[in-house]
Amino acid sequence: DSFNIVSSIVLIMLTSFFQKAFKGIIQIRSPWLLNMYCHRKHFS
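Per our numbering, numbering through the sequence shown is continuous, rising by one, with the last residue being 48.
Don't read these hints as lab results, they were simulated from the structure. Worth double-checking, as some hints may not be accurate.
As the list claims (entries may be wrong) - Have a look at the derived ranges for each label pair, beta carbon to beta carbon: (1) SER6 with PRO35: 44 to 54 Å; (2) TYR41 with THR19: 25 to 35 Å; (3) ASP5 with HIS43: 50 to 60 Å; (4) LYS45 with ILE13: 42 to 52 Å; (5) SER34 with SER12: 29 to 39 Å; (6) THR19 with LYS45: 32 to 42 Å; (7) PHE7 with ILE30: 30 to 40 Å; (8) ASP5 with SER34: 41 to 51 Å; (9) ILE9 with LYS45: 46 to 56 Å; (10) CYS42 with ILE9: 42 to 52 Å.
The C-beta atom is built at its ideal place from N, Cα and C for all residues, glycine as well.
Let the hints inform the model, and build the full structure from the sequences given.
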């Protein structure tokens, strides 16, 4: 029973960590992706 509680806590921590990491990656990458998209539209 205690193992179940610990595993659920770890799962919650991992989920929140991955959400933060994912948001960070999107914030870093989105200007670069926008630039690539604009350049492709401009050249086509």
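Hint by hint, here is what the structure shows:
1. SER6 with PRO35: 44 to 54 Å: Holds: the Cβ-Cβ distance is about 46 Å, inside 44 to 54 Å.
2. TYR41 with THR19: 25 to 35 Å: holds, 30 Å
3. ASP5 with HIS43: 50 to 60 Å: holds, 57 Å
4. LYS45 with ILE13: 42 to 52 Å: Because 47 Å falls inside the window, the suggested range holds.
5. SER34 with SER12: 29 to 39 Å: holds, 33 Å
6. THR19 with LYS45: 32 to 42 Å: holds, 36 Å
7. PHE7 with ILE30: 30 to 40 Å: This hint holds: roughly 34 Å between Cβ atoms.
8. ASP5 with SER34: 41 to 51 Å: Given a distance of about 44 Å, which is inside 41 to 51 Å, the answer is holds.
9. ILE9 with LYS45: 46 to 56 Å: holds, 52 Å
10. CYS42 with ILE9: 42 to 52 Å: holds, 50 Å
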